[in-house]
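So the protein lines, in turn, are chains W and H. Heads up, the first sequence is in the numbering used here, so the first residue is 1 and it goes up one at a time. Heads up, the second sequence is in the numbering used here, so the first residue is 1 and it goes up one at a time.
Source of the hints: derived by calculation from the structure; they are not laboratory data. Using N, Cα and C, we set each Cβ at its ideal position, and we do this for glycine too. The hints are all genuine.
Heads up, incomplete: computed chain W residues facing chain H, CB under 8 angstroms, no partners named:
1) A40
2) E41
3) S42
4) G43
5) L45
6) I46
7) D88
8) E90
9) P114
10) F116
11) D117
12) M118
13) S119
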Amino acid sequence: MKYLILIYSNPKSRARWEGLTDAQRMEFGLAHMAGSAALAESGELIVSEGLVDQALAKRVAVRDGQITTTDGPFAEVKEYLAGFQLVDCEGIERAIEIAAQVPDAAFGEVEVRPVFDMSILDL
Amino acid sequence: MNSLEHILPAVEDLLRELAPQVLGVLVRHYGDFAACEDAVQEALLAAAVQWPSDGEPANPKGWLITVASRRRTELWRSDSARRRREEIAAALAAPDPEPASGVDDTLTLLMLCCHPSLTRPSQVALTLRAVGGLSTAEIARAFLVPEATIGQRISRAKQRIKSAGAEFTMPPAPERSERMVAVFEVLYLIFNEGYTASSGSSLVRVELTAEAIRLTRQLHDRLPDDGEAAGLLALMLLADARRPARTRPDGTLVPLAEQDRGQWNAEAIAEGVALITETLASAPIGPYQLQAAIAAVHDEAPSPQDTDWLQILGLYELLDSIAPGPMVTLNRIVASAMVHGPQAGLQQLADVAGEPALAGHHRVDAVRAHLLDLAGEHEQAREAFRLAARRTLSLPEQRYLESRAAR
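All chains should be modelled from the sequences, with the hints used to inform the complete structure.
Okay, here's the thing in structure tokens:
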């Protein structure tokens, strides 16, 4: 079963981050690396990435065949995606366990979303 | 990297048939499962390259044993400098390329790959590689994950087997039946992974259903008196027989009642029905046999209206008593509704919907929608179909449920 683990950044988690010492930030970064390495080692990791600041985001839309882009930051957005992991593991309980290991879970919340499967109920 | 799928089907079939036998010979001789398994993989890849151009050797199994032994010795030498003196010379001698016939290690290998120290995904990956003879790349493509993920899963599984002290022997009798349950589950998982793949992606996926049927057939051949091995094979044949009618070309789902039964595979149905009929008459009953029997009743009905729902209901009640589970409960309720009417089904659904295993289960809404529709409550049915569509974990099911909500 595949699950996407979404790490969000919001004003509260950013305030926590800003209050950290350099040593604590180093520890946080190392915990991220160790977490990804452990998932790779267990054969459950598909991909794990962090995302740059949303000020660098571009929104893309196509209207009447024309591509238009809008540059971030987007004033209305209070919470945005800061990183994600795609894992393939035994089930939702294990996915929650993995999400709880993400260092950001101690700051704010980390979301687990099941990826669609192709199963069919024979009715 | 080369892989088995690019070569002639006949060579591929032969290599996959020989893979567990060659591995069994090596493990018996050298003992170290992990290194032997790697060596056999390399021998299979070498054969896949050489045989199509140089021709198949006179003794294919002997060729593979010799090449794998040589490779295993190279692997051993490369990491054994520090313990060179400890190894006895005999271990370096290659095993006889023509081992005594009648020794068959496939079953022992299956049991080892389904060792309880491994997670289910690891058991599945290791079984496909060590018993099925598939390459890591092929397994990764079949499960739509990176090759590194599967490679790591397999090497970790082998480490775990080693640290658990698992031996390459049949487990003692009390453990054996428990281990067989794991073997059946792993084979059925492989089958379902292929069975549920959308038609769109099937082009790039190894035929996992065919692979599961092949492995289960091997298991049944080796244990002809095991009713559940026969039941599982029959279940796979009877379910797979409906596959051509089960999805539209765009991958959307066609429910059982709307399938063109002329597209069902009559040969597979005949084999499955004969197998389950014979097994039910001779073996102690088990959950796979019951599921096969239910599939047989569906497959034998010339039209949905001719389905013997009373018999299906009886079989589900039996299944519910020996192997209860949320899906069994839901299917029993559907069968009950077909016999006693949709209102009876809706009442039963309301009675069980709060049980922990079913509370919030996405398929409860789908079944409720189906029964409301049968009861003529179309507006409520549409609402339930919409709710089910939002909660399902399956993409083809969501498309189907949305289309029902819009009907």
